[in-house]
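Novice: Sequence:
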Amino acid sequence: MTAFGTDWESWKKSLGQAVEFASELGIDQKRINPVAQQVGEFLAQNVTPANPEQRAIKELWEVAGQEEKQTLSNLMVRLVSKK
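The sequence shown begins at 1008 in our numbering and counts up by one.
FYI, nobody ran anything at the bench for these hints, they're computed from the structure. There is no bait here: all hints are sound.
With a straight-line Cα cutoff of 25 Å, these simulated DMTMM-like cross-link-like pairs (lysine to aspartate or glutamate) come out:
#	residue 1	residue 2
1	K1020	E1066
2	K1019	E1031
3	K1089	D1014
4	K1089	E1074
5	K1089	E1075
6	K1089	E1060
7	K1089	E1031
8	K1089	E1048
9	K1065	D1014
10	K1065	E1016
11	K1020	E1069
12	K1020	E1031
13	K1020	D1035
14	K1019	D1035
15	K1076	E1027
16	K1076	D1014
17	K1089	E1066
18	K1019	E1066
19	K1065	E1048
20	K1037	E1074
21	K1020	E1075
22	K1076	D1035
23	K1076	E1048
Listed next, with one range per pair, are the computed distances between beta-carbon atoms:
#	residue 1	residue 2	range
24	G1033	P1059	27 to 37 Å
25	G1033	E1066	28 to 38 Å
26	R1062	G1033	28 to 38 Å
27	V1070	L1032	28 to 38 Å
28	G1033	E1069	27 to 37 Å
We treat Cβ as the ideally placed atom computed from N, Cα and C, and that holds for glycine.
Let the sequences and hints guide you as you build the complete structure.
Specialist: Structure (structure tokens):
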């Protein structure tokens, strides 16, 4: 497994930039959220958490059902999109 970003704020900023870029391309929130869920699944399976916050999200993801994963990914999109 690879580590992905060691600093929580930098990691959120990177994710926020990706969401902002998608929005600038005209991709609406209803399409961004399912992609965020796919990214969450990939990260949970392939990336070693680099900080306690990422570890907590990974642990929540691992015990979540499908609807809960959707909620988590939607919340992460909202978190990294706030200005």
